[in-house]
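Note that the protein sequences, when read in sequence, are chains A and B.
First residue of the first sequence: 923, per this note's numbering; consecutive thereafter.
First residue of the second sequence: 923, per this note's numbering; consecutive thereafter.
It should be emphasised that the hints constitute simulated quantities derived from the structure, not laboratory data.
Virtual Cβ for every residue (Gly too), placed ideally from N, Cα, C.
Just to be clear, a hint being listed does not mean it is correct.
Said to hold, decoys possible - Pair ranges (Cβ atoms, derived):
#1 Arg-1228(B) x Gly-1129(A): 40 to 46 Å
#2 Asp-1171(A) x Asn-973(B): 51 to 57 Å
#3 Asp-1278(A) x Glu-1196(B): 27 to 33 Å
#4 Gln-966(B) x Arg-1024(A): 30 to 36 Å
#5 Val-1224(A) x Ala-1201(B): 36 to 42 Å
#6 Thr-976(B) x Glu-1160(A): 40 to 46 Å
#7 Gln-966(A) x Ala-1282(B): 43 to 49 Å
#8 Thr-1047(B) x Val-1185(A): 58 to 64 Å
#9 Arg-1050(A) x Ala-1201(B): 40 to 46 Å
Claimed, not checked - Negatives, chain A to chain B, calculated, CB over 12 Å:
#10 Ala-935
#11 Gly-979
#12 Arg-985
#13 Ala-1007
#14 Ala-1087
#15 Arg-1113
#16 Asp-1171
#17 Asp-1177
#18 Gly-1187
#19 Gly-1217
#20 Val-1259
#21 Thr-1268
#22 Val-1273
#23 Leu-1276
Number of protein chains: 2
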Amino acid sequence: MSPPAVGVLRETAAGERRVALVPEVIARVTALGLDVLVEKGAGQAAWFPDNAFTTAGAAVVSRRDLLENAGIVLAVGLPDAETLASLHGGQVLIGLLGPLLRPDVMAQLARQRVTAVSLDGLPRTLSRAQPMDALTSQSNIAGYKAVVVAADAYPRYFPLLITAAGTARPAEVLVLGAGVAGLSAIGTAHRLGAVVRAYDVRPTARGEIESLGAAYLELPGPEQGAGQGGYARALTDEEEARLRDALTDVVPRHDIVITTAQVPGRRPPLLVSERAVAAMRPGSVVVDLGAGPMGGNVAVCVPDERIVTANGVTVVGAGNLPAAMPTAASTAYARNVAALLAHLVTDGEVVIDLTDEIQAGVVITHGGEVVQPATAALLAPRAQEAEEVSA
Amino acid sequence: MSPPAVGVLRETAAGERRVALVPEVIARVTALGLDVLVEKGAGQAAWFPDNAFTTAGAAVVSRRDLLENAGIVLAVGLPDAETLASLHGGQVLIGLLGPLLRPDVMAQLARQRVTAVSLDGLPRTLSRAQPMDALTSQSNIAGYKAVVVAADAYPRYFPLLITAAGTARPAEVLVLGAGVAGLSAIGTAHRLGAVVRAYDVRPTARGEIESLGAAYLELPGPEQGAGQGGYARALTDEEEARLRDALTDVVPRHDIVITTAQVPGRRPPLLVSERAVAAMRPGSVVVDLGAGPMGGNVAVCVPDERIVTANGVTVVGAGNLPAAMPTAASTAYARNVAALLAHLVTDGEVVIDLTDEIQAGVVITHGGEVVQPATAALLAPRAQEAEEVSA
Chain A
923 MSPPAVGVLR ETAAGERRVA LVPEVIARVT ALGLDVLVEK GAGQAAWFPD NAFTTAGAAV
983 VSRRDLLENA GIVLAVGLPD AETLASLHGG QVLIGLLGPL LRPDVMAQLA RQRVTAVSLD
1043 GLPRTLSRAQ PMDALTSQSN IAGYKAVVVA ADAYPRYFPL LITAAGTARP AEVLVLGAGV
1103 AGLSAIGTAH RLGAVVRAYD VRPTARGEIE SLGAAYLELP GPEQGAGQGG YARALTDEEE
1163 ARLRDALTDV VPRHDIVITT AQVPGRRPPL LVSERAVAAM RPGSVVVDLG AGPMGGNVAV
1223 CVPDERIVTA NGVTVVGAGN LPAAMPTAAS TAYARNVAAL LAHLVTDGEV VIDLTDEIQA
1283 GVVITHGGEV VQPATAALLA PRAQEAEEVS A
Chain B
923 MSPPAVGVLR ETAAGERRVA LVPEVIARVT ALGLDVLVEK GAGQAAWFPD NAFTTAGAAV
983 VSRRDLLENA GIVLAVGLPD AETLASLHGG QVLIGLLGPL LRPDVMAQLA RQRVTAVSLD
1043 GLPRTLSRAQ PMDALTSQSN IAGYKAVVVA ADAYPRYFPL LITAAGTARP AEVLVLGAGV
1103 AGLSAIGTAH RLGAVVRAYD VRPTARGEIE SLGAAYLELP GPEQGAGQGG YARALTDEEE
1163 ARLRDALTDV VPRHDIVITT AQVPGRRPPL LVSERAVAAM RPGSVVVDLG AGPMGGNVAV
1223 CVPDERIVTA NGVTVVGAGN LPAAMPTAAS TAYARNVAAL LAHLVTDGEV VIDLTDEIQA
1283 GVVITHGGEV VQPATAALLA PRAQEAEEVS A
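Excised from the complex, chain A in its bound form (with noise of 0.2 Å):
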């Protein structure tokens, strides 16, 4: 009998570049006693060819033999509803599924007795689970890659140019939210010689924006913006209009704004106003990292898309940035799954154990149930709604 086997798809969503495992990982994933198995063109949009695979020691295959002989399957986001459906019972989906948002796609796995794993439900704060932490180490690409994409879009210079005609003034760059993507915007806005200032609603983020260069603004947020688990709470619907109040006055004043802001599985509060956009001085640029199907942070951001608008300013509606930069992405997530999989393989099975912090957080679905507590409460009213429609 062959060892049991981990599959890598192609992922299929447009404009996904990343690719879940990468040849350098695979020796990481082959020690636990497990073969890989990679399907046809998987790492081509990361640049990472097939060959790069198989010298590395996988076996390139169909989409078909994958899915038939894989006792694990790795994807980066929700794969598409033709593969989910052709996942078989016992067979376990690690990714980043983002359960919180589909609650509805978690419930069918589990119907098909498929064992979602989400990298995205990791409890964060743990210091353990951090070489597992895949939101950290794409949300640090997107942060970055959010200041090369503005500099890129952006028709003059980061930083302060003095020359015998005259003197370029520095780039103004305004950053809010600073977890790990707005700190990683920070920082690399500052490398670049820009001047740059941030917000967080949480009040611990002052000393960590501060010592990476950035100024902090100060603004009539709420009184205590921390949640649960890192995370910036959901404001109030009065604490994000007087926020955004606040901010159309400060965004106007600067040529760049990178925002962040995200409340896992809820709408990214709105932050930047139309008329802020509408005050900016042409050739500006906003980045909206928080732009996607429940909305962004920015009023006339299009998710997925580059508009420009009737005063010049550049808006980017920038969901997925770490797709942009694919081979990066590709490698830190891989590296996240690799340290999950060491984690969760015992002899190259996966052994499920839901009294483990880390599994807690991350099983969303194992043996017919929908496990992880924030999925299942999701789905609880509907449950609820169904018996009280068949009553």
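Since the structure of chain A is already known, use the hints to place chain B on it.
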């Protein structure tokens, strides 16, 4: 009688987004006793709307009115043939006209009795000419922007990143040519955290390269590569081939290669062979600032295009990067033009004096003659041929 006027043309070349004068510089021109006429829409692509010019004291006019009423016509690049044909005797045309590339056009302007003044003729080693040095201001932008473009095309991080999940190595950047553009690229790549190596055929460049944090690359270049006016001299075919051979081993060890080797009015040296690019790793990026109608520094490069080779290398033909950062580029250029106007204009009139060292360089045609020696020298053999034919 209205005072003499300066007219600012709207650029019409493909991809050209700059404008020769910007609102903040208009006061410096009117202080010379000149009115400023701006062609409608001239600043739009550089994010300077027409109303910004009128607010600054200029009049926005049609191209026809401009050509009829402006004694001095300002452009960035050489205007199109129709515009040139509309110029009348006594008019002064100022721009980066590239006289060595188009001596025939200069001869035509001389026949029209237009005074053509080209900023690329400036004696760059003269310290009092530095405020007028448009080649420097634009090359500085090209070098900075080359790094921004490369960082955006590159699928990994520039800086070293150490995380709980592992380390991302810094990008290794190679800069060929350490003139203004090369030094600007070196400084920017170093700022962003890359490991930078650079080479220049002028031995004096070593100190400048090292002072910006890059390593100087030892290559079997010519014994003495410095030419006139601070430029590198043109290499012999043999020297160029030896350098290209040496680079075939060096180039593939880098993730990013930025080439900046140019020799005024001549074919740029071919430094990076097809074999060198074919040996680079997938995801690598090459930016060729030398790419243009006369060739480029990189064998597979296509001017003004971004191609991806069969082995996954992005090659950017970036002959006019200042146009891609048009607000900064126009502002710097406008300051250079204003400094030149201050030098040329007395009592609202351009006063030509070819005994002046600056004017001897920049004044290409005057009084019906091609007066700049370098341009005239290119026309001389043709004149001789014409005589031979008619004889």
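Going through the hints against the structure:
In this structure, Arg-1228(B) and Gly-1129(A) meet the distance hint of 40 to 46 Å, their C-beta atoms being roughly 42 Å apart. Between Asp-1171(A) and Asn-973(B) the Cβ separation comes to about 23 Å, which falls outside the hinted range of 51 to 57 Å. Range check, Asp-1278(A) to Glu-1196(B): about 55 Å between beta-carbon atoms, so the 27 to 33 Å window is missed. Checking the proposed 30 to 36 Å range against Gln-966(B) and Arg-1024(A) shows it is violated: the Cβ atoms sit about 44 Å from each other.
Between Val-1224(A) and Ala-1201(B), the C-beta spacing of about 41 Å keeps the proposed range 36 to 42 Å intact. A hinted range of 40 to 46 Å for the beta carbons of Thr-976(B) and Glu-1160(A) is consistent with their spacing of about 43 Å. Taken as a hint, the range 43 to 49 Å is violated for the pair Gln-966(A) and Ala-1282(B), whose Cβ atoms sit roughly 58 Å apart. In this structure the supplied range 58 to 64 Å holds for Thr-1047(B) paired with Val-1185(A), their Cβ-Cβ distance being about 60 Å.
Distance hint check: the CB atoms of Arg-1050(A) and Ala-1201(B) are about 42 Å apart, consistent with the given range 40 to 46 Å. Annotated as non-interface, Ala-935(A) keeps its C-beta farther than 12 Å from every C-beta of chain B; the closest such distance is 18 Å. Every C-beta of chain B lies more than 12 Å from that of Gly-979(A), the closest at about 19 Å, which supports listing it as non-interface. With a cut of 12 Å on Cβ distances, Arg-985(A) stays outside the contact zone with chain B, its closest approach being about 23 Å.
The non-interface label for Ala-1007(A) is consistent with chain B: the shortest C-beta to C-beta separation is roughly 32 Å, beyond 12 Å. Here Ala-1087(A) does not stay apart from chain B, with its beta-carbon only about 4 Å from theirs, under the 12 Å limit. With 12 Å as the threshold on Cβ separation, the claim that Arg-1113(A) sits away from chain B is violated: the shortest Cβ distance comes to roughly 6 Å. Distance check for Asp-1171(A) against chain B: the nearest CB is about 22 Å away, which clears 12 Å, and the non-interface claim stands.
Not every C-beta of chain B lies more than 12 Å from that of Asp-1177(A), the closest at about 10 Å, which undercuts listing it as non-interface. With a cut of 12 Å on Cβ distances, Gly-1187(A) stays outside the contact zone with chain B, its closest approach being about 24 Å. At roughly 26 Å from the closest C-beta of chain B, the C-beta of Gly-1217(A) stays outside 12 Å, upholding its exclusion from the interface. Not every CB of chain B lies more than 12 Å from the CB of Val-1259(A), the least distance being 10 Å, so the non-interface label is violated.
Non-interface status of Thr-1268(A) relative to chain B is upheld: no Cβ of that chain comes within 12 Å, the nearest being about 21 Å off. Chain B leaves Val-1273(A) outside its interface by the beta-carbon criterion, the shortest separation being 22 Å against a cut-off of 12 Å. The Cβ of Leu-1276(A) lies farther than 12 Å from every Cβ of chain B, with a closest approach of about 24 Å, so its non-interface assignment holds.
Hint check: violations occur at hints 2, 3, 4, 7, 14, 15, 17 and 20; the rest are consistent with the structure.
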